[in-house]
Amino acid sequence: MERFSIQTDQRETVVDITGKVRDAVKSSGIREGICIVYIPHTTAGVTINENADPSVKADIRSVLMKLVPEGRQYRHLEGNADSHVKATMTGSSVSVIVESGVLQLGTWQGIQFCEFDGPRTRQVWVKILGAV
Amino acid sequence: MERFSIQTDQRETVVDITGKVRDAVKSSGIREGICIVYIPHTTAGVTINENADPSVKADIRSVLMKLVPEGRQYRHLEGNADSHVKATMTGSSVSVIVESGVLQLGTWQGIQFCEFDGPRTRQVWVKILGAV
Amino acid sequence: MERFSIQTDQRETVVDITGKVRDAVKSSGIREGICIVYIPHTTAGVTINENADPSVKADIRSVLMKLVPEGRQYRHLEGNADSHVKATMTGSSVSVIVESGVLQLGTWQGIQFCEFDGPRTRQVWVKILGAV
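Chains as they are written, first to last, in the numbering used here: chain A, 1 to 132; chain B, 133 to 264; chain C, 265 to 396.
Derived from the structure by calculation, the hints contain no laboratory data.
In this text the structure is predicted, and so the values were computed from the model without any measurement.
Lysine to aspartate or glutamate pairs mimicking EDC-like chemistry, simulated, CA-CA at most 20 Å apart: (1) B:198 <-> A:70; (2) C:330 <-> B:202; (3) A:20 <-> A:2; (4) C:290 <-> C:363; (5) A:66 <-> C:334; (6) B:152 <-> B:164; (7) A:20 <-> A:9; (8) B:158 <-> B:231; (9) C:284 <-> C:266.
Generate the whole structure from the sequences, applying the supplied hints.
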């Protein structure tokens, strides 16, 4: 397993981690298979979406903040119940195909870490499973 | 493939299945790879989230019930249209890394079956794919 | 990697692609493993849900249109900010177990391409990873 950490700077923010995942694929030496990007946290998630225009990341954040607002209307009393729900709505991992040692993303796609309870230092785990 | 069943006791409920998935990993004998937990139903899903405080599971349920309420406003006439939509919002599988024969979850993470049209007996399928 | 394309005929629509994924599994010749269905777009997604009654697909579309409405309230100025957010809410890939050369879906499950910014010609990538 490859690992790296990232530092987030707001309570809720979407951060591009594509370059770091590409580095992990290179380090693995695996030419063909599947890359799993896994977030070992319960108030953060990961998604694949447009990277070119930063406003897409801002819109993802805004919609989730509106649908699952921060506040006192929840049972979980740590003030981050909304963060846990947002983590479930985005998901804890993404899977990307690897061919010829290269992560196969669509033209506009990037891999984006979704922070819902920052700012914090967070871990990202990457496992590349080679094809038989 | 490993399989187990669980019995849910309410229409909508979030149930921890981490122990049963850990048992499936052990049974497989695989030391390193990826574990896929797959739900073969269309009105239930699976997520990874906090397990320590049961209020997190209650909050996930409540938010989904509020965003996609049960009722007669849907086209699907079996009374469980909302359950199908909630299944799509949580997802039909999760992927977790396996190292040294152990499921690699973050400190607070558990694997949680999401029932949206219970009570029912449900199946969970687990496939562990070994690293080459 | 296997690939196929589909043509969507509306801005937002849910299209069954199960048959095409089954064909890709057959073409791969792999008998046991995991099938990853990956969407290389940022305004489309993929989900697993009921296929028998087409009203379920219509309800998934309607709920997402209501939760994340099309409009001018977003920062991304291309008119499809809602489409990007819906893509994150459904997800960019699904994982399905393969046994005896056959995709292991539950009785009522189908694999469904989710178009959020059509009509367009879209690509679907399929990777089957064999078990060791």
